[in-house]
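Residue numbers (this note's numbering), protein chains in the order written: chain A, 1 to 275; chain B, 1 to 861.
Hints were generated in silico from the structure; no laboratory data involved. Since the structure is predicted, the reported quantities are computational estimates derived from the model, not experimental observations. Backbone N, C-alpha and C define an ideal beta-carbon position, used for all residues, glycine too. Hints are all accurate, no fakes.
A few chain A residues that face chain B, going by a derived Cβ cut-off under 7 Å, partial list only:
1) E22
2) Y27
3) V57
4) L198
5) P201
6) Y202
7) Q203
8) V206
9) A231
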Amino acid sequence: MPRKGFYYIFIVVFVITIVGCEAPFPYQPEQSEKLVVVEALLTNQFKYQTVKLSYSVATTQDTIDPISGATVVVETKNSRIFFDESDSLPGLYISRIRFAATIDRVYRLYIVVNDKVYTAFTGVMPVRLMDSLKYEYIPEKDLYRISYVAPVFDPFEAAMYELNLNWSHVPGYENKPYDSTHARMYFYTLRTMDVNELFQPYQEQVYFPRGTVIEETKYSLTPFFETYLRALLLETHWSGSLFDVEHWNLPTNIEGGAIGFFTASSVIKRVYIVQ
Amino acid sequence: MRQWVFTILLVIIYLGAWAQTDKIISVQVRNQQLKVVFEQISQQTGLYFSYNPVIINDKQKVTFIARNRKASDILATLSSELGLTYRIVDNNVIIRPAQVQVEPAPTHKQVITISGFVLDSASGDVIIGAAIYVDKKLVALSNEYGFFSFRTQAGQHLIEASYIGYTRFARTLNVSRSRQLTIRLAVNLQNLDFVVVTPEDNTKPINHNSLDFFNMPRSVINRNPALGGTYDALRSLQAIPGFNFYGDGSMIFHVRGGDRSQNLILIDDAPLFNPSHMLGFFSAISPWAVSDIRVYKSDLPEQYPGRVSSVIDIRIKQGDFYKTHVNGEISPILTALTIDGPVAKEKSSFMVSTRMSNINWFLENRQSFLNLGFVDMHTKFNLRPDKKNKFSVSLFYSYDNVNLSRDFMASKVWWRNVAGTFRWNHVFSSRLFLNTTIFTGQYSYFLQFEADTVNLFNSAITSTGLKEDFSYKVSNNNVLKFGGGFTYYYFNPANINNLAYIPTQNAMYYYIYLGDKWILWDRLKIHFGLVAHRWDNMGPTIVYYYSDTHQFLGADTVGVQVFNTYYALDPRMSISYALTPRSIVKLSYGSYSQFLHLLSNSISPFTTVEAWFPANNNILPQKAKQVSLGYYHKGVSDFSVEIYAKKITNIPHFADFATLLFNPYIESKVRMGYNFAAGIELSLHKNRGNFNYWLSYTYGRVFMKIPELFGDYWLYTSYDKPHSLLLSLMYKKDRFNFGANWTYTSGNRYSAPIGYYKVLDHYVPIYSYPNNAQLPPYHRLDVYITWHINKGTHKKFNHYLTLSLFNIYGRKNPVMVNFNKVEGDDNFFYVQGNYVYEYELTPAYYYFLRYIPSLSYRFKF
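Produce the entire structure from the sequences given, and follow the hints as far as they go.
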């Protein structure tokens, strides 16, 4: 047998046996009560800010029930901003006025759901300029993919990056479904380092054609939100590797028994066109 | 002239006889008449035996095996063991009974002491745990250094010695004064490296001392091939009830509800902090280098303080004092080579044993996303300048690396163990023995993220110490052990590129101990021990202070001075009583302290980021109390049952999502918990004859409380696995060994979500309490066959082939479960990367190691 052929057979056998395989795991969760979930991220952009309210679900196959009819108020200094529920998107509460969160203020959130009051407060951290993202050409696919957004570790600044990609206008993709011509990706820079971050499991790769428009948004993180995101990553992106750590519930800054977060970020944006 | 001719003829005759006795010959006689031994020697040398059959019983059954030895050596050994003398005249070997030394008859019955070492007659290696009998009564066991002593009345006595895998030594001595005696036991097997037959003398009653520990000689270690057809010194411990291994691919094990850091692993008295190779698929201890392993899980010995669950005392082979040997092994996993032999015959010996991974040879530089490799080396040098002194130097080194390159980053971890020991054994008198040990060791763990950068995480623990162990034989029934030692520890808990994000720490550990084992009326044995500890935290370092609620209060920079001290006093005692000559009950109680903590939030079965940390002003030392009651029966099969209860306090846990790396306030994240464990352990095994079996079963539970995190609730530990069973069957037929092992354990416990919520497009799990779910049971069947390729039994070169099949029925044993992945069309599981569309998560589990055939080749000469 050619030496190369022997090598590949060995690699396949070795990877299958030693590195191991994954298979679906039959699991029925215990019965649990539905919890109120708060997703509230204010930014320093002058816009209609939003707060999303929903209930937890037993499995990810279940439909997420939005929370309708809630009272949502954000208070800062002497002003109080009311949020109204969107007509088209139940559970999404939109501020009645446009406003920007600023770094010299503390924002307090009040939510009333079925006569239960949930509160939280947050400040805003400044944001620094961001590196230019990089993408690379993959000849086998004749497509591109993101190769660098930001360092995963920076002892001086934590940040979240949201990339929105759109190639629906690229010839050949005009009539494709929305989720075949758009992508949303998240990247993070944290001031901490975790071993399962370094040995994280395989993550779906997103490939896109020349001409794709990439909108990059960088969010500054408050200390709480940095802690929250790290925990979220430990439970999502980084979980399921061979170097996993103990699992537990994410922290929350919502008082009253709800879960989720209330935070505010300074934001900067940049747009790229893949050339 | 005639005189000259006569003289020359005499010289020629003598030289001829000398040349014949200097021939290299081999003798192999098993349980046959003595005259068969004589015949074999005659056939190979041309010498004829001459003796009076009325005085010399040539029909007595003996077992005598010697390979490739000078005929003169063989004659000397044979006559020594049978209490004979020989003289060569022409071509005749004249055999006579040894002259009984006629000494002045004592006026009254004088008490004398006989002491010495028990040695392997072929190699000169010491034998640990050999039983010494005088007039059929057990009087001593050889200690960790092969030394024994006993007292008896002057006069004629039958002195016997036995040890598993060796021919029984029997000799009648007429002694009138204290003297030294070297007992040489001959291996009664052709090859202990793979033969399972161990015809131990079954006529002797069970002895109290042998219940203090579980002995794992090399013959048992090298009994069952593990993964890849190689033998595994530590993995063999799973045969001991109470030892609970994590599962496939892991060297993590728990003993009676203790966590993994609570097991003290010693290599020739130097501590080993991570015994893993290849993440944990193999152990770093080469089975070819091991002489003997003693395992203590209850009634932990006073001379090995510092851990609260078990002591695994690994003794490295001394090397042959007479002849050079080479052993080798080639398997898909590794290549091993061991060389040992004399430096100065009978005075000094050496042993070098090394193993190297073959995996990286395949993977290196070949575009693989994974690269693994390891190497280890044991070396030992021994010197016996006289009968009262022995010196040895032992060194151990192991190195592992794991490279992983992925789309966005390349990461690398590697770890290294170094351990060295200098030991001096000194016999002050026939009753007082001293072992002095100077040891040093270091375990370092490195993690390099984004491999092309210089970002390098390192954690390390270094220990250097001295210990003095005295053994004083008050009487045959009373052995007093006392001594003490000190160890300097240096901790680098977790830093990057040697920048002290977390201050390094130093500590000094001192202890003294006293233990007495006393057998009363042959039936009752009492053991009492006491260990006094002192632990000093020292500078230079930065000392952090926290409130009771773990809030940072301040920090001090301290110089070279003690800033925190702990004292502890640990009593222990046991009582055993012989119900019959073959059965004993034993009750033991012990209190133990541990001043080292392993801080880790990993649930991985593999070697991962972990930091050894000292007990200090913020972290209390661990304490354990254990009581156990056992019944032991020795017969055709040995049977034991033991029940135990153990409480361990001050076990460190991390607060939720604590940051382990680069966190100077790491101590503020530690929350103390405690474990309560109880269980019953059963063992039934037969080590004699061609068919052997070994059955061990444990039902054990372990629960924990972490009051600061979960209130006053008992929680499952991840290693609460109630059932654990091992059935091992072995059969020897001619040159073949057949074996099968079936392993069954309850599954590991894990934290499973009871719901999800969605934020930032991510499904986030919700948990109820830790370790609320349990994996399916783990079980597998392994089979193997070993073929001794040589047809003849006298070959100088011996070689073997082992064919093994691991997990023959291909059980998919879950190792870990995850709840954050999407199943692709190709049944590949991945983490969602594009959040623009809806997705569903599918719980998935990892499994390893199904249907793994292996062929390994071993040789020795």
